[in-house]
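Number of protein chains: 2
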Amino acid sequence: MASPEVPENSPESNAFVEIFALEPKGSGPLDGLVFAAKDLIDVEGRRTSCGNPSWRDTHPVAAANAVCVDQLLFAGARCIGKTITDELAFGLNGENFFYGTPLNPRAPERVPGGSSSGSASAVACGRVDFALGTDTGGSVRVPASNCGIFGLRPSHGIVSVAGVNPLAPSFDTVGVLARSSAVLNKAASVLLACEVPRSIEVGTVHLLEEAFSSSDPEVDQALREPVELIERTFPGKLRETSLKELGEEASRRGLAGWYDTYCQLQWAEIWSCLGSWVTETRPRFGPRTAANFDLVKNFDRQHTVDAIRRREIYYRSLKRFLGPNDLICIPTTPTLAPIKGTLGVDRTQGDYYPRTLAMTAIAGIGRLPQVTLPVASVGGVPIGLSLLAAQGMDAFLLAAARMISRHPEHDTNA
Amino acid sequence: MASPEVPENSPESNAFVEIFALEPKGSGPLDGLVFAAKDLIDVEGRRTSCGNPSWRDTHPVAAANAVCVDQLLFAGARCIGKTITDELAFGLNGENFFYGTPLNPRAPERVPGGSSSGSASAVACGRVDFALGTDTGGSVRVPASNCGIFGLRPSHGIVSVAGVNPLAPSFDTVGVLARSSAVLNKAASVLLACEVPRSIEVGTVHLLEEAFSSSDPEVDQALREPVELIERTFPGKLRETSLKELGEEASRRGLAGWYDTYCQLQWAEIWSCLGSWVTETRPRFGPRTAANFDLVKNFDRQHTVDAIRRREIYYRSLKRFLGPNDLICIPTTPTLAPIKGTLGVDRTQGDYYPRTLAMTAIAGIGRLPQVTLPVASVGGVPIGLSLLAAQGMDAFLLAAARMISRHPEHDTNA
Numbered sequence: 001m002a003s004p005e006v007p008e009n010s011p012e013s014n015a016f017v018e019i020f021a022l023e024p025k026g027s028g029p030l031d032g033l034v035f036a037a038k039d040l041i042d043v044e045g046r047r048t049s050c051g052n053p054s055w056r057d058t059h060p061v062a063a064a065n066a067v068c069v070d071q072l073l074f075a076g077a078r079c080i081g082k083t084i085t086d087e088l089a090f091g092l093n094g095e096n097f098f099y100g101t102p103l104n105p106r107a108p109e110r111v112p113g114g115s116s117s118g119s120a121s122a123v124a125c126g127r128v129d130f131a132l133g134t135d136t137g138g139s140v141r142v143p144a145s146n147c148g149i150f151g152l153r154p155s156h157g158i159v160s161v162a163g164v165n166p167l168a169p170s171f172d173t174v175g176v177l178a179r180s181s182a183v184l185n186k187a188a189s190v191l192l193a194c195e196v197p198r199s200i201e202v203g204t205v206h207l208l209e210e211a212f213s214s215s216d217p218e219v220d221q222a223l224r225e226p227v228e229l230i231e232r233t234f235p236g237k238l239r240e241t242s243l244k245e246l247g248e249e250a251s252r253r254g255l256a257g258w259y260d261t262y263c264q265l266q267w268a269e270i271w272s273c274l275g276s277w278v279t280e281t282r283p284r285f286g287p288r289t290a291a292n293f294d295l296v297k298n299f300d301r302q303h304t305v306d307a308i309r310r311r312e313i314y315y316r317s318l319k320r321f322l323g324p325n326d327l328i329c330i331p332t333t334p335t336l337a338p339i340k341g342t343l344g345v346d347r348t349q350g351d352y353y354p355r356t357l358a359m360t361a362i363a364g365i366g367r368l369p370q371v372t373l374p375v376a377s378v379g380g381v382p383i384g385l386s387l388l389a390a391q392g393m394d395a396f397l398l399a400a401a402r403m404i405s406r407h408p409e410h411d412t413n414a
Numbered sequence: 415m416a417s418p419e420v421p422e423n424s425p426e427s428n429a430f431v432e433i434f435a436l437e438p439k440g441s442g443p444l445d446g447l448v449f450a451a452k453d454l455i456d457v458e459g460r461r462t463s464c465g466n467p468s469w470r471d472t473h474p475v476a477a478a479n480a481v482c483v484d485q486l487l488f489a490g491a492r493c494i495g496k497t498i499t500d501e502l503a504f505g506l507n508g509e510n511f512f513y514g515t516p517l518n519p520r521a522p523e524r525v526p527g528g529s530s531s532g533s534a535s536a537v538a539c540g541r542v543d544f545a546l547g548t549d550t551g552g553s554v555r556v557p558a559s560n561c562g563i564f565g566l567r568p569s570h571g572i573v574s575v576a577g578v579n580p581l582a583p584s585f586d587t588v589g590v591l592a593r594s595s596a597v598l599n600k601a602a603s604v605l606l607a608c609e610v611p612r613s614i615e616v617g618t619v620h621l622l623e624e625a626f627s628s629s630d631p632e633v634d635q636a637l638r639e640p641v642e643l644i645e646r647t648f649p650g651k652l653r654e655t656s657l658k659e660l661g662e663e664a665s666r667r668g669l670a671g672w673y674d675t676y677c678q679l680q681w682a683e684i685w686s687c688l689g690s691w692v693t694e695t696r697p698r699f700g701p702r703t704a705a706n707f708d709l710v711k712n713f714d715r716q717h718t719v720d721a722i723r724r725r726e727i728y729y730r731s732l733k734r735f736l737g738p739n740d741l742i743c744i745p746t747t748p749t750l751a752p753i754k755g756t757l758g759v760d761r762t763q764g765d766y767y768p769r770t771l772a773m774t775a776i777a778g779i780g781r782l783p784q785v786t787l788p789v790a791s792v793g794g795v796p797i798g799l800s801l802l803a804a805q806g807m808d809a810f811l812l813a814a815a816r817m818i819s820r821h822p823e824h825d826t827n828a
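The listed protein sequences derive, respectively, from chains A and B. According to our numbering, the first sequence is numbered sequentially starting from 1. According to our numbering, the second sequence is numbered sequentially starting from 415.
For the record, the hints were derived by calculation from the structure and aren't laboratory data. One or more hints might be untrue.
As the list claims (entries may be wrong) - Label pairs and their computed distance ranges (CB to CB):
no. : chain 1 : residue 1 : chain 2 : residue 2 : range
1   : A       : G323      : B       : D708      : 47 to 57 Å
2   : A       : P197      : B       : R696      : 47 to 57 Å
3   : A       : R252      : B       : V759      : 53 to 63 Å
4   : A       : T58       : B       : E654      : 51 to 61 Å
5   : A       : P408      : B       : G442      : 52 to 62 Å
Quick reminder that beta carbons are idealized off the backbone N, C-alpha and C, glycines included.
Based on the provided sequences and hints, a complete structural model is requested.
Right under this line is the structure:
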């Protein structure tokens, strides 16, 4: 792995909402490792703010750790703080109106990405060995890609979300961010309660054509060498694959169909989960969050029925297509991290959200695990390459990611 | 299907918390059907009580329907009320200290079962065509079995839980109860967004030995004829299978190991989800609920780590073992519905909870769909026979259930 040049233990990271020392509750594979938890995840005796002061003020102190936090503490890790999140985890941006913007140390003029912005920043700045994030529509993968670190979104439903505030439960997951695949795999093994195999036999690595062709040319270009690294790691396994091979329904509108399907279900679920609190509390929101909650509030829920139908068709198409030892390879995001302050007020303005969510929706709709690898950059700005595996093949995916990141030619490609 | 003798539209069912008229939002396969929703599931403009007045008083009016309620309304169904649940859905009993005990019309001296007690009662009493329930550890299956109706627990993660209060998210599902497999399948098709095939080719139907041998002799005896009906529906497909075939780890302690694994994760998740509210609000609980919340509060969470490890091992054992066209057949519960007022104060007293949860934990741990069929009784008291299918094979399972319930010899066996 090329070591990114990051300010060591930089106090300027602005990654944290709160810093404390929560000692390990046991000893195990995470002995000696230090982590932080996104402030959407409960830590006993503290208030979870979910990135919004009104939320913090209207909810009680957490009586227990989230189950995922306990898993890490019992495995020997130490927790040193809670990290900034986009408000209610509803954003891919990382600019929080109330808590500020965590530093993207590799590209300080750009957003860190969200919603696990502080977790990505804390890891990228070297403040912790790894961090817990959550990922509904890209909230681990996007900030990991933007900040030049590893990030895992696990298969849906495998890592406990008890004690983690819901956003859209059909897509919500708890994930991990780390600077190395070794640490990522250690922490993920604990959460997934699985062993990552030392080596694996990969079937086919599907390079998804539409994902590369819909990315910015500079992103497509920057990822060519990392793709060759995958070819060298798994010789003869790479194959260019079109979405069309998933069938008519799943490919008719290209990845735009995946974006629509994802959003129409996500928006309905967000309002079902959080609408009552918003309506009763009239919370203070930052301008972007206010605009986005207006969108979900006024969303015509009739679309949801068809979105659920399409979600299941796309899901089954992927399930039929993707063998248990196959991988899918896509850019993590189709663009570089945006320059701070340049995104529109709501997510329908500009094409950043539609394009980014079209890419991240594949794992969400497919309930698939995805890992983003920090293997490329454009003029110093990081961009991640992602691998996805079949549902439940998380350990296999992590093994593949480790094989790639340990390949002897890797350093020349980062 | 034998028609159970139920009081038609009995106002004495005590199934409802609240009765209203929520018109369909569209037209579709559920045109003309009437349903009720467990009072753990949000209905716009109303308070969700989760079976507890303190919960009701400390939570806002629902700003939106749960996504599952909207799915049914858009498909043409009419919602006529909210049904009683065990407090916070934490119980299999159906005796609510505050709201009373919904009538089990087939066995009025016995509990209806819970926690979807009112949903089962409303269906069994003929007040609605079908009802929404939730099922974490048996909360659809047990009351459906007790009340002599059909009940579906879907594969985990397929039906949206947005707008449904969480209990233990690693196991929480939204399910359906109905008097006929035809109506069950119609409603389930809408929720699952799938078509139920007209006929299917079944691989093997595994009669799980330990499930039958650990049931009361009268239950085992009563289910023999229904098992023969399955044999006649799928000739040559039945096979007696021991848990041992799942491997050493998954069978070492018999079904008791499944019970422990389920409870140790469920209890930790319940406290992570609800502990903050309990601690802050000091709600008024019925004596059983108070005792059960003391259990989960004082539970040594170190056990959770090992429970999660075992859960994944058991899950993978089942996944390896069960072919996509295979079924597992077990008694829904190992005993008849208890006589009202006979259960202990907390769930560790007596063997009702450990024995029942050992049976229901199979689907929970395996993330499998399960349908209970009202095909037997002991002295007039209903007892269900269950089929489980592989994860995601919900439509296949529903087709199998319909083939059995439509078998010409069926009526002689109920």
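The hints, checked one at a time:
| no. | hint | result |
| --- | --- | --- |
| 1 | A:G323 to B:D708: 47 to 57 Å | holds, 49 Å |
| 2 | A:P197 to B:R696: 47 to 57 Å | holds, 49 Å |
| 3 | A:R252 to B:V759: 53 to 63 Å | holds, 58 Å |
| 4 | A:T58 to B:E654: 51 to 61 Å | holds, 56 Å |
| 5 | A:P408 to B:G442: 52 to 62 Å | holds, 59 Å |
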